[in-house]
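Engineer: Chain by chain, the residues:
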Amino acid sequence: MKRLSLHPLTWWIFSAAIAIAVSRVNSTWFALVAVGAMAIIVFSQKDSAPWSKSFGWSLKLAMWVIAIRAVVGVVIGVPIPGTVIFHIPILKLPHWMPGIRIGGDVTRERLFSSISEGIIICAIFVIFAAAASLTSPHRLLRVLPVYMYEFGVTVVIATSVLPQLVSAVSRIRMAARLRGQQTSGVRAFKRIAIPLLEESLARCLDLAAAMDSRGYGVSKKRSRYRPIQWKFIDSAVIAMGLLVLGLA
Amino acid sequence: MIKFSNVSLVYPNSTTTVIEDLTLEIAEGELVLVIGPTGSGKSSLLRLINGLVPHHTGGILAGDISVDGVSTSSVKPGALAHVIGIVGQNPANGFVADTVEEELVFGMEALNLSNDVMRKRVEETLDLLSLVPLRNRALTSLSGGEQQRVAIASALVAHPKVLVLDEPTSALDPIAAEEVLSILHRLVHDLSLTVVIAEHKLERVIQFADRIVQINGSGNASVGTPEEILMYSTIVPPIVELARAIGLEEIGVSVREMRRMTQNLRDSFDIEVKETTRHSNDVIVDIADLTIAYQGKKALNTLTVKIYDNEIVAIMGRNGAGKSSLLRAIAGVSENSSGYVKIHGVDSQTLQRKIRRQTVGYIPQEPSDLLYGQSVQKECDQADSDNDIQPGTTFEILQKLIPGISEHVHPRDLSEGQRLGLALSVVLSSNPQLLVLDEPTRGLDYQAKRVLTKILIDFARVFNRSVVIATHDVELVAELASRTIFIADGDIVADGPTVDVLLSSPAFAPQVSKIMAPQPWLTVADVVAAIESQK
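If you read the sequences in order, they're chains A and B. Under our numbering, the first residue of the first sequence carries the number 1, and numbering increases by one thereafter. Under our numbering, the first residue of the second sequence carries the number 1, and numbering increases by one thereafter.
Since the hints were derived computationally from the structure, they do not count as laboratory data. Just so you know, not all the hints are guaranteed correct.
[Unchecked claim] Covered stretches of chain B (in silico footprint by chain A; criterion: 3 or more residues with CB under 8 Å from a CB of chain A, positions within the stretch not fixed):
hint	region
1	70-81
2	87-96
3	240-252
4	364-370
[Said to hold, decoys possible] A few chain A residues that don't get close to chain B, going by computed Cβ distances all over 10 Å:
hint	residue
5	S23
6	V65
7	I172
8	M174
[To be verified] For lysine-lysine, the following DSS-like pairs were computed, each having C-alpha atoms within a straight-line distance of at most 30 Å:
hint	chain 1	residue 1	chain 2	residue 2
9	A	K53	B	K298
10	B	K120	A	K231
11	B	K161	A	K221
12	A	K220	B	K161
13	A	K220	B	K76
14	B	K76	A	K221
15	A	K46	B	K354
16	A	K190	B	K378
17	A	K53	B	K297
All C-beta atoms, glycine included, are put in the ideal place defined by N, C-alpha and C.
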C-alpha cells in the first residue's frame, strides 16, 4: 500500500478515538482486534525512520506488562471462585496488614481476568505507540502552538535522542564484546546502562542548547515555511476513527 | 563586534578558573582561532559568546561580554539567535528536524520571519554551501562532511553577524575539511562575517586565521597574530615545528610562505630516493574477498589484503569510505556478507572472551564505550581480574602512558586524551597480538598525539606486534605508519609504504612534505635527519 502523506495530528486523533473505544467496550477481543488493525496500518505505512520502531518496542513492552500483571494478579489479589488450577500456600501476614492476601487458590477465572485486564490496558498504549510510529515527531512539533514550548523541547529531545540511544546501545554492546565480556545478564546490563545514561544525558543537554541558541521559543509567534495542509484524506481517516468510537 | 571586558569564569564545584580576566575585542570580519590543550576551556570561551555559558551550564561569570552591543548577561541565548550562529562539536547532536530543508528553516520559523524571506534565504544558503542536491535528504543519511555543512548552513540562514564553530573539522577527512574552511574563508571575505573557531588540527586552519586566542588552562589567555602567538607557543602545527627545527628566524603559516623561506635549503640537497623498508613475511591478519553490505549498500567490496607482523598500517579514505567497517571486520564484530578475516589463522568472528582479548585489542571511535567503571581505579581493577594478572598492573601501564592520573577520578571527568589513555591501558593489559584503533586522534591536542604516537611505535617495534589504525589525520599517519592503505567506496585504491601513498595525493600530503617537495620527507624528523646526514 502506498504511504499516505497525512497531517501529523491525524493519526494521533484517530488513535485517541480507537483507544477511547477500546476502554469503553472493555472487551479483550475488541482490544486484540484494535491492536491487530493498528499493526496492519503501521506495517503498511511505516518507513525507515527511527521512530517507526516504537510500535515494535511497545508490543514487546506490552508482553512484559501482561506477564508481570498476570503473575502479580494471581499471587496478590482478590480471590475469584471457580475452577482451581493449583494452590499456593497462603503467606501469613502480620495483623496490621488486614485485607491483603498473598497466595491461596489460583483459579482459572482469576488468571483470565488479570490477563484480560492487562491486555486492555496494554492495547491502549500500543495504539498510541502506533500513532507515534506513524508520525514524524518533528512535523508534529511544527503544528503545535508555541506556548507548548516545554512540551516541544521534550518531544524533540525524546524523539531525537531515543533513536540515537538505540544505536548507542549496539555500539556499547559491541565494545563490551570486544573487551571479551558478556553482553547479556544483569552485570552486563549495568555495564551498558552506565555509559548509556551518561551519554544520553550529555546528548540531551547538547540538543537543548542547540535549540535554545537557535531562538526556539523566543518569539511568541512562529512562522511556517511550508504550512502543513489539512486534506480530505485526513478528515476521512478521522471520520473512520470516530465511526468506530460511535459504534462502540 | 564581540567584546570581552575583564571576563572571568568559574564553574560550580570547581576550584580552578577557566578564564581569568580576559579582555578581548573581535572586530567585524575577523576570523579568530581559539587554541589550547584539551580541557583548557576553549568550548567554554565559545559558548560564552552567545551566553550558553553560564545560562545553560551554570557557573559564575565576572566582567561583561557584549555582542553587537548587546550584553549577554542581560538576555537569554535565544534572544541572540539572529546575531550569533553557533555550531557545536558534533553537529548531528544538535539537529532538530528530519530533512535538510526543515533543519534550515527551524531557526527562522522560531524567529517568526515571513515566508517569502525564508524562501529566499533557504535558496541562497543552499547555493552558498552547495547543498542543493541534498535539500530533501534525511539528515541521518548524510556523511560527516555533509552534516557539518548543513549545520553551518542552518546557522548562516538566519543571517547572523557572528559564526562560532567548535572543532568544525575534527570529524572530517582532509578534503571535506578543506571544503568547509574555504567556505568560511569566503564568507569572511565576501560578507564580512565574524568567525570564531576552536580547533586542534592547527595545520588545517592556521592559514585562514587573522588572530589567535591561546588559552593555557590555568585561566590565562594571550591574544595576537598567528606569527606572534606561534613564535613562542607550545601548541604548534608541523609547519612551525619545521621552521624552529631548521632554525628560521621567522615563521610562516602557509605552505607558500614556508617554501619561499626554505628555497635555499631545498636547493642544497639532491633529490633523495627513499628505500622502502621490507616488512616481515609472517602474516598476522589475512583478509580475503571480504564484502560487507548495509541495507543493500556495499560498505566493502571483495577486499583482499594481508597485514604482517610488526607493521603499523594506516587506513585512510574519505568519510564513509568503509574504514570503520574494515576495522570492525578485523575485530570480528561485523556481519560479513562474504569472505573472511583470519588472525593467526583463526576466524576473527569466532574469537571469544579471553582468547579474543589476547588476540585483538580494539579501541572504538568513542573510547568511553569501553569504560563503565565508576573510577579509574575500578576500571583498572576490572581489567586486572579479567586477565588474571597481578593487581595493579593495568594502573601501572596507565601511569606509564599518562603519568599523574588520579585513581579516584571518574572516567567521564578525564580529558579526551586521558580517556583514550585509560581505554588503551585496559586493552593493553591483556597483551593483544594486534591493536586496532578507530580515529584515535579526534579531539586530541598535539601533546596527547605525541604520547599516543610513541606508545604505538613502542608497541609495534619493542613488542613486535601489529597496529591497524583508521584516521583522517595525515600528520599522524606521517609520523606513525609504515604502510598506508587507501580506501574509496569499499575498494582499496592504494596500498603501499606511507611515503609513496601520501606523496602521490596532494590532498592527503602532510604539511612538511608539501613544503619540502619534491623531497620524500614527511615529518620534521625526516628533514632534521637529512640535514644531519648532510653534515
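Engineer: If any of the earlier hints don't hold here, list their numbers in rising order.
Structural biologist: Result: hints 3, 7, 8, 15 break, sorted rising.
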